[in-house]
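So the protein sequences, as listed, match chains L and Y.
So the first sequence is numbered by the working numbering: it starts at 1 and just counts up by one.
So the second sequence is numbered by the working numbering: it starts at 120 and just counts up by one.
Just so you know, these hints were derived from the structure itself, not from any lab.
Any given hint could turn out to be false.
[As the list claims (entries may be wrong)] In silico SDA-like pairs for lysine to any residue, Cα to Cα no more than 20 angstroms straight-line:
#  : chain 1 : residue 1 : chain 2 : residue 2
1  : Y       : 534       : L       : 43
2  : L       : 11        : Y       : 541
3  : Y       : 533       : L       : 2
4  : L       : 3         : Y       : 505
5  : Y       : 156       : L       : 36
6  : L       : 56        : Y       : 501
7  : L       : 56        : Y       : 505
8  : L       : 56        : Y       : 534
9  : L       : 11        : Y       : 474
10 : Y       : 474       : L       : 97
11 : L       : 3         : Y       : 486
12 : Y       : 505       : L       : 8
13 : L       : 11        : Y       : 537
14 : L       : 3         : Y       : 488
15 : L       : 3         : Y       : 541
16 : Y       : 144       : L       : 8
17 : L       : 11        : Y       : 488
Note that the structure is a prediction, hence the values are computed from the model and not measured.
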Amino acid sequence: MYKEHILELWKHPENYGKLEGANQERHGFNQGCGDDITIQLIEKDGVIADVRFSGKGCALCMASASMATERIKGMKKEAVLELGSKDILDLLEIDVHPARLKCILLPLETIQKALREEN
Amino acid sequence: MTADNDKLPRKKGKIDDPVADDLKKDFPQLARKINRKRIVYLDNAATTQKPSCVIEAVKRFYEEHNANVHRGLYSISEESTRAFDEARAIVARFLSAEPDEIIFTKGATEGLNLLSWTVKEIVGKGREKILLTELEHHSNLVPWQELAKREGFKLEFVRIKKDFMLDMDDLKKKLDKKTAIFSFTAVSNAVGTKTDIALLSRLGREVGAITIIDAAQAAPHMKLDVKEIGCDFLTFSGHKMLGPAGVGVLYGKKDLLGKLPPFQFGGHMIRDVDYESATYGDSPEKFEAGTPNMEGVIGLGEAVRYLEAVGLENISSWENSLLRYALKKVCELEEVEVYTSGAENSAGVLSFNMKGVHPHDISSIFNDYNVCVRAGHHCTMPLMKKMGVSGTVRVSFYFYNTIEDVDLFVEALKKAISVFHPGAEEKPLLGGAVVVQEAEADKEAEEESKGDF
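One chain only, chain L, in its complex shape (with noise of 0.2 angstroms):
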């Protein structure tokens, strides 16, 4: 699982820290593991404007955050909302332990909790 582009990413993860003039945002927390981050976005005309996340969790949580954050800027909010945990799986490129996937499914899940929200 910690192959290293998922290391490199829980080092130096993308899309970290604060959004300025994000219209959206959605706390996210994994009760059974302290995983806890928070998503802001700024969506304009349906469409993903840019994205970032902050917070603190496992690896695989932060690899995720980072991957998925990046995954959907530019991405229409309906394309977004149909994506699921095996787009997630395809962009980490890594085998997950069942136990795991909801370290991995956090952000995708906060992203679309904070875009279902502004209906």
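Chain L is fixed; fit chain Y onto it per the hints.
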């Protein structure tokens, strides 16, 4: 229908590495291999493995004696009832209690819930405080929070010091004549700290508080004599001490059980019933409504017989040797932060973090080595918050663990360090038997105990 004695371990006396390795053979699952490597089971504070004698006792019950207890007037029902009652007698002897002071529950959590719903009836007038400690598992915290909400009790907590030991000055300040209930753990499931349960019970008794001990992490590992301890109630779970899951024990002093109202209502717990009302039986029936977990209770009885054959003092002593050895090895690794009261004051639990790394990432690496540990908040979220961490990695021993188990754990830990702290120098592993330098291990453990309070 008592199990065959030849399934119990022979009296072996003191446990050392070869004896532990031999005892391991009584546990079928410990022989299992995954990816051609054996399982290194170090999550005993979560649940323990089951010896053949317990598995067979449960199987035999299903195959030969299955009938509802205390009901049927036929042979197999008499057999099941006899086995059930015998298990209660075994557990009573185990604690130096009387059989009617032993209530079977589904676990320590249910024992504490039972008390939280009933104990109000026996606390003295004008007593408004429930006193707990900062070490408690959620099971000895949340039920009391709910009781406090329902009945207007005030919750207070005995502080812990930086070494996770109870602050006795704080305890003496808070344990007063206003204290209705003083409920505390015997061993912290998160960091392994032992509390002085006899002393705490005496101090509680002196101010007239009801004293309750969460012994979930103590009953499997040390001799408990409720008469010597002097507590009012004590509870633990079967599955953490070789028995089946879904069965536990609540001990209560006979006179107090007599005064407690029932917790649940239904069959078996009654004396007489009319359409409009009912009267209730005596302890333990009063607290055991419905058909009990018969096979669980019988399995637990067999587990206690096994533990007594190994010897609780031998178990405590060997686990302490394992902990000293593990502490010494882990404290050599500068990337690791250990949370401990030191081997002398701990049961077989070693809790730690690797600097900057989430505990779940460490335990995932361990899984590649079949090293089974717990990572997370250990159902002690307030304690984790106090320590300033989201969780820890917890290694917890039982008597069937060996020095090799510890070495394999340390090897996995070094691998995790090399993954997450690739710059760190890998120190060579020591092979073979290693002499445990007790004083050194204690000293280092003390130095490494850096709870951020």
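Hint by hint, where does the structure go against what was stated? Just the numbers, ascending. Violated hints (numbers, rising): 1, 4, 5, 8, 10, 12, 16, 17; every other hint is consistent with the structure.
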